[in-house]
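Engineer: Fit chain B to the known structure of chain A by using the hints.
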Amino acid sequence: MSGARVRLDAIAIDLGGHTVLTDVSLDIPAGSFVAVVGPSGVGKTTLLRALAGTVAALAGRIRIERPGDGSTPQIAFVFQEPRLLPWLRTWENVALVAPGASAAERRQRAEAALAAVHLPERAFTAWPRQLSGGMAQRVALARALVTEPDLLLLDEPFSAVDALTRLRLQDYLLELWERFGFTAMLVTHDVEEAVYLADRVVLLGGKPATVREQFTIELPRPRDRGDARLAALRARILAALDAQLTDQTALTRA
Amino acid sequence: MAVRELSAPTERSRSQPAARPWVWRIAGWLVPWIVPALIVAGWWGIVAAGWIAAYQLPPPQTVVATAREMSARGELATHLVATLERLAWGYLLGAVPGIVLGAVTGLVPWLRRALDPTVQGLRAIPSLAWVPLFLLWFGIGEQARILLIALGVFLPVYFNVLAAVGGIDWRLIEFARVYRLGRWRTFRFVVIPGALPGVLTGLRAGLSLGWMFVVAAELIAASSGLGFLLVEGQSTMRPDRVLVALLSFGVLGKLSDSLLARLERTVLAWRETIASVQDGEGTA
Chain A
1 MSGARVRLDA IAIDLGGHTV LTDVSLDIPA GSFVAVVGPS GVGKTTLLRA
51 LAGTVAALAG RIRIERPGDG STPQIAFVFQ EPRLLPWLRT WENVALVAPG
101 ASAAERRQRA EAALAAVHLP ERAFTAWPRQ LSGGMAQRVA LARALVTEPD
151 LLLLDEPFSA VDALTRLRLQ DYLLELWERF GFTAMLVTHD VEEAVYLADR
201 VVLLGGKPAT VREQFTIELP RPRDRGDARL AALRARILAA LDAQLTDQTA
251 LTRA
Chain B
1001 MAVRELSAPT ERSRSQPAAR PWVWRIAGWL VPWIVPALIV AGWWGIVAAG
1051 WIAAYQLPPP QTVVATAREM SARGELATHL VATLERLAWG YLLGAVPGIV
1101 LGAVTGLVPW LRRALDPTVQ GLRAIPSLAW VPLFLLWFGI GEQARILLIA
1151 LGVFLPVYFN VLAAVGGIDW RLIEFARVYR LGRWRTFRFV VIPGALPGVL
1201 TGLRAGLSLG WMFVVAAELI AASSGLGFLL VEGQSTMRPD RVLVALLSFG
1251 VLGKLSDSLL ARLERTVLAW RETIASVQDG EGTA
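Residue numbers (my numbering), protein chains in the order written: chain A, 1 to 254; chain B, 1001 to 1284.
Heads up, some of the hints might be wrong.
Each pair of labels, with its calculated beta carbon distance range [stated by the list, open to error]:
1. B/A1129 <-> A/G41: 35 to 43 Å
2. B/R1123 <-> A/G68: 23 to 31 Å
3. B/V1096 <-> A/S40: 42 to 50 Å
4. B/V1035 <-> A/S40: 54 to 62 Å
5. B/E1085 <-> A/T72: 52 to 60 Å
6. B/E1085 <-> A/G100: 47 to 55 Å
7. B/I1125 <-> A/D23: 53 to 61 Å
One side of the interface only, derived from the structure: several residues of chain A facing chain B at Cβ under 7 Å [to be verified]:
8. A52
9. V97
10. A123
11. F124
12. A126
13. F180
Hints listed in this document are in silico derivations from the structure and should not be mistaken for laboratory results.
Computed from a predicted model, the values in this text were never measured in an experiment.
Ideal placement from N, C-alpha and C gives every residue a C-beta, glycine not left out.
Here chain A stands alone, though its shape is the one from the complex (with noise of 0.2 Å):
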């Protein structure tokens, strides 16, 4: 896992007729966390799905190379919901996804990756209806892991989640990013859980979509949630997603 540049160049996507996203360009360092966020309905998930590849781009085109090997990236995604298989015990759901020979190498794999998220150990055989949606979200986490991604993908993965429990999960995914160097992007609602996380905010609006603007942050990490800073960029941030909406109301009134 050393991380995947990823550019995408002038990219148009299509769904079901008519054109969600269209110009999108964007050009993301290996190893880098890039947060994107937008008004509701823009675009932001279709987007990752076109990463994943369970969309395909109608013109343009998107390159994810990861350094050195010229062999193929690896791409794992973390949905807004856990959606682990109900009928897979938590180990179970993780070694699914685990590269290795045997079922014994998996199985270890797996659940390394549920310490390195924090899973008590009790929670490795349960059923996931059992657990907690904050302890799913983090199984969920695990199993996007344990496949050593070069680039994450994270569609609101704390949106479903109470407050406190959000902001443990923001700071595992952190760590995990900082001990494993993939390239994260996270879709997010929450523009404080953007500035907090990322080194670089994408702004998405129009319709059809495309970048409006890129916010590069440069503070050091660990940040502390009250910087100064951090809520100046914050309500930067927000000024800009506001003008989207203003923008969107205009165009379906006029």
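Structural biologist: Relative to the frame of chain A, chain B by itself:
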């Protein structure tokens, strides 16, 4: 005040299971038998009082005696085996194609679109209504009886499997795609377990329809089986033998269903658990 009121019952309910005396536990086991016992007592009373003539409704002890006599002669066993054998073959011949066809139709979108409206239309016909047509086509031999049972079993299995396969959570399918599980592992780990609850519902519904069709087949034309006992008992004016056959149906039906219910509980263990795992984070 409020605190006291809330905490007091909690304490009591916590200590209750341990302190519960054995008398109550036995009483708990007995509760389900109260109604059957009352029915038998009422039945006996009605006949003993002469409200219904014994040749129409024989008292319980006569039915028990008849059952004993029939089993002593091996007669009951012969009929039981004949019925069970038919049901087993019919069930097999109905359930297996039901599962296979239901799964294929459910998994192949264009096939589903092509077949579903027709199938839903056919579904509106009560399945027993097919019986005369079947008799016309296949006659009244043993084969026809088994085919008839198979038809009864097939329909509910097919419908349930179709619905179960179609109803699999697409989000899990998307997970399988994103993580590149591939066809076989998606089928093995997502489709099969996802459809299993519906498949088992179908198998249970198929079994109960199977019993219904065994009776139908044996009522119409048979020289053995519990259904035959019913007809024969009626024509020879032996309500005791009819009742023995009825009770046998009841016992066998219940037994076979419990067997499937037990299988369901074992296979779907992941649905049964209620206890949750506590997050150890606060202390960690």
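Engineer: For each hint, tell me whether it holds in the structure or not.
Structural biologist: To see whether the hints hold, each was checked on the structure:
| no. | hint | in the structure |
| --- | --- | --- |
| 1 | B/A1129 <-> A/G41: 35 to 43 Å | violated, 50 Å |
| 2 | B/R1123 <-> A/G68: 23 to 31 Å | violated, 59 Å |
| 3 | B/V1096 <-> A/S40: 42 to 50 Å | holds, 48 Å |
| 4 | B/V1035 <-> A/S40: 54 to 62 Å | holds, 57 Å |
| 5 | B/E1085 <-> A/T72: 52 to 60 Å | holds, 57 Å |
| 6 | B/E1085 <-> A/G100: 47 to 55 Å | holds, 49 Å |
| 7 | B/I1125 <-> A/D23: 53 to 61 Å | holds, 57 Å |
| 8 | A52 | holds, 5 Å |
| 9 | V97 | holds, 5 Å |
| 10 | A123 | holds, 5 Å |
| 11 | F124 | violated, 10 Å |
| 12 | A126 | holds, 4 Å |
| 13 | F180 | violated, 17 Å |
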